[in-house]
Amino acid sequence: MNYLKLSLLSILLIPALVFAHGPTPLKFNIEVEVNASPDEVWTMVNKLCSIKDWNESVTECSATGEGLGAFRELTLDNGEVIKEELTKVQEDRKRMLTTLRVAEGKLIKGMPIKSMGSFLSVSENGSGSKVKIRGTAYSAFEGKSPPPDQTDAVCKAAVEEFHTKTLNGMKQLFEAK
Amino acid sequence: MKVNLNKIVFILTFWALANTALAQNLAFITNQLEDTVSVIDTSSKSVIKTIQVGNKPAGVMASFDNKHIYISNPGNQEISVIETDSLEVVKTITVGQAPLALTISHDNQTLFVADWYMDSVFSVNTQSFEIKNQYKVGDAPSGLAISSDDKLLFVANKKDNSVMFINIDSGKIQSEIQVGTAPFGITVDYPKQLLYIVNVQSEDVTVVDIKKAKVINSFPVDTFPYIVSIDEANNHLFVTNKRDSSVSVVDRTTFKEIKKIYVGEFPEGINIHPDGQSVYVANWFDGTVSVIDTNTLEVTETIETGEGSRAYGQFIIER
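So the sequence lines, in the order shown, correspond to chains A and B.
Heads up: the first sequence begins at 1 in the numbering used here, then just goes up one per residue.
Heads up: the second sequence begins at 1 in the numbering used here, then just goes up one per residue.
Here chain B stands alone, though its shape is the one from the complex (with noise of 0.2 angstroms):
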């Protein structure tokens, strides 16, 4: 009986470490006129499930820890907590009056959400679900990020054309900086301590250095630029236009466009694969994902999602 026991414990245990060896990518993409979020099994390149969210869910941020997703409703003010192991809407925090762009900290203990209308950044503590602070922030932020030690936050504002460094400790806001006309998306450049604003009407991205708080470039996309995904590998940055329905590749050193690639119509979130071999981008008219290979620059699949997709943020773990 004994000796069996231990069988089936090591039986078990070879089983855990098969499963982690052969662990799993997962997308999760908004479908912002559905009020679903669409989960792609990256290797079956397949939807496995769909979850019931909020009203009109549009961001989505993945935890460092790959345990949770959380995805913002402006719709209905809210923030649904999905579980990465069971898929399921484990909590809703009620926050402001148009939560859309989110970020979390690298210990994953508080995610922060901009609020379109309110023109603030509230944190929100991810284990007790209250609000922490409200920071007072520019007009309209659309774009949000955190450095990489977790002290300051990175916000675009759109109708002011500036990008923000709000000090997490003391709620000062550091510095302001002019970029392009409505800057949306704004993703962190951590090994290059850069970050990438996309400016939607002046169809430009502005390259800021962190360090000095100061535009060091900027470089032109196509209509209605929305956000920038980096790839380290391949030194390549990808842009979605939403209004050209395509991605521009750009060299991540001259910031040279390489290729310009057609996707679905009106791309908007767009991220690259932990693994680095794709691209994955929700097109916003189609209700599809496109992948696009990362060495060709083709793209080789299109996943149907559903109704209005968006996954504006950070939308892929591993489990």
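Only chain A is shown next, with the shape it has when bound in the complex (with noise of 0.2 angstroms):
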């Protein structure tokens, strides 16, 4: 959260014009460490709705459907609804793609993006594992001069605090556990 806030803080103080943007997908890559097995962890992840339990952000989850071409609805604490399929699933390697595409128009409050790939990946860490939420989003505006509350830097800061919250909440579930 301060982050964000500092985030918005620096467009108050920068001209919206540096924030500028053209079509240039945002990165982002976050990791945590996790006390529990790849395969516990892998079959966890792989349904879909338990998100719930661990991301505080996310109120209420409904899935259509289970493995490839599944999607999930999330409920934000804010309202906000939004709706990712499974698009990839690589059980070799421990590795699922979720997209997210908002529907034209459309403005998700707080998380002002178009569309976002997220690689949720599992890896062997020690006795434990290592999760990773990696991919790209794009932001909704298209123009170079967007409104600052919908600039790169505010996208990049959102998906990264709700990426980060799905990752420390199900560090914090399986060290409850």
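Be aware that one or more of the hints could be misleading.
In the DSS-like style, the derived pairs of lysine-lysine whose C-alpha atoms are separated by at most 30 angstroms in a straight line are [what the hints assert, rightly or not]:
no.	chain 1	residue 1	chain 2	residue 2
1	A	Lys27	B	Lys259
2	B	Lys172	B	Lys136
3	B	Lys67	B	Lys159
4	A	Lys88	B	Lys259
5	B	Lys256	B	Lys212
6	B	Lys159	A	Lys109
7	B	Lys136	A	Lys144
8	A	Lys47	B	Lys260
9	A	Lys132	B	Lys259
10	A	Lys144	A	Lys47
11	B	Lys212	A	Lys144
12	A	Lys27	B	Lys159
13	B	Lys67	A	Lys88
14	B	Lys67	B	Lys49
15	B	Lys260	A	Lys94
16	A	Lys109	A	Lys83
17	A	Lys94	A	Lys132
18	B	Lys159	A	Lys156
19	A	Lys94	A	Lys144
Hints were generated in silico from the structure; no laboratory data involved.
Mind docking these for me? Both chains are given alone in their own frames, and the hints should help you get the complex.
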């Protein structure tokens, strides 16, 4: 949250034109060490709505289908609803890709993105696991002068905050066990 | 004294000839998240220089005479012109709102710049650096290429799911062809007179016959594909699959996949080396370049470049 505030503050201090953006993907890369075996973590994350148990921003989740092509609809604590599709599952590499596409003209409050592809991967790490979420997002605003609440910096901070909550929550869940 | 001078001239000439024989190939990799271009010497497989360019550099186009590299910077609406002899930016040109894909006429006189937000292609005189024409195209032009006779531009319109043939002289749209969903990279197969258009969302490649202006085939690739590079000698096509972190190797006649090669994370730009022995792939997420052997179809080297390596376009020259 401090990071978000800091980003917002910096936007107020620097003219908007500095943040003029183009068709540029935003990069995120977050990881955490978890006290559970890769198999255990992998089984859990394959239940798509289990995210509700550890990401504090997710208040509700409903899933349609299972495995590749399944959807989950997440209700966030600010009332916004986001829909993600499981577009890739690589069992051998313990890697899954969820893709989020926001309908044309719609804006997610607090996370003004147009689309996002997030890889979640689980790998061995000593007696536990390392869980990574990495990928790309595109901001919803198209044009060279986005309003201050829709800049690339705002999008990146929001996406990173969301994924950080997912991973930190997961870590805590396994530590409590 | 005179003899000595002749000797010097002789030695200098010999040295120059020897140097020509040992021509150097350089790859110019745009690093979109750090506003630089990494210059790779492809014989030593090492970065010999990092050049500061504009904001969010993405596209790259080498002139056919190997003298200049043009870089598109959608972040600050600029084209950076790099001289390949000095490896310096010698000029910047302001174009449009979000210049991305680039191509150049075979006489090197005209640079074409597709602008993502203005739904236009601009032509720029490479001597005076003045904008000559603005061609209206479809919604979100993402891919750009030119015919061998410099008469037609081929433009992929990402949001219209189409490819347009633009007559460069008249500015008219000569044909518009529906392709897959969200077309991005467009590559001309000059010997076969075909276009390969990569569709990001339908995850396939559309094959268009240029003379007939018709779709003649299509073939599937993997998640979030980006652009094709052609290996004429082995009759292969290489396609980057960004969100599979792989390259599909496809037979250029049957359009069947022969092999999938895992490279770095989120590969984007891809070029065959002029010597035909290797293919260079820029990995956006890792900030690296993977080198693939065109005979063994294995990754032989991974070169560290910079944050957000993209290299969208023609990026290898000989000097």
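Here's how the hints hold up against the structure:
no.	hint	in the structure
1	Lys27/A / Lys259/B	holds (28 angstroms)
2	Lys172/B / Lys136/B	holds (9 angstroms)
3	Lys67/B / Lys159/B	violated (34 angstroms)
4	Lys88/A / Lys259/B	holds (19 angstroms)
5	Lys256/B / Lys212/B	holds (23 angstroms)
6	Lys159/B / Lys109/A	holds (25 angstroms)
7	Lys136/B / Lys144/A	holds (19 angstroms)
8	Lys47/A / Lys260/B	holds (29 angstroms)
9	Lys132/A / Lys259/B	holds (28 angstroms)
10	Lys144/A / Lys47/A	violated (40 angstroms)
11	Lys212/B / Lys144/A	violated (38 angstroms)
12	Lys27/A / Lys159/B	holds (23 angstroms)
13	Lys67/B / Lys88/A	violated (43 angstroms)
14	Lys67/B / Lys49/B	holds (17 angstroms)
15	Lys260/B / Lys94/A	holds (18 angstroms)
16	Lys109/A / Lys83/A	holds (14 angstroms)
17	Lys94/A / Lys132/A	holds (11 angstroms)
18	Lys159/B / Lys156/A	holds (24 angstroms)
19	Lys94/A / Lys144/A	violated (39 angstroms)
In this structure, the hints that do not hold are numbers 3, 10, 11, 13 and 19, in rising order.
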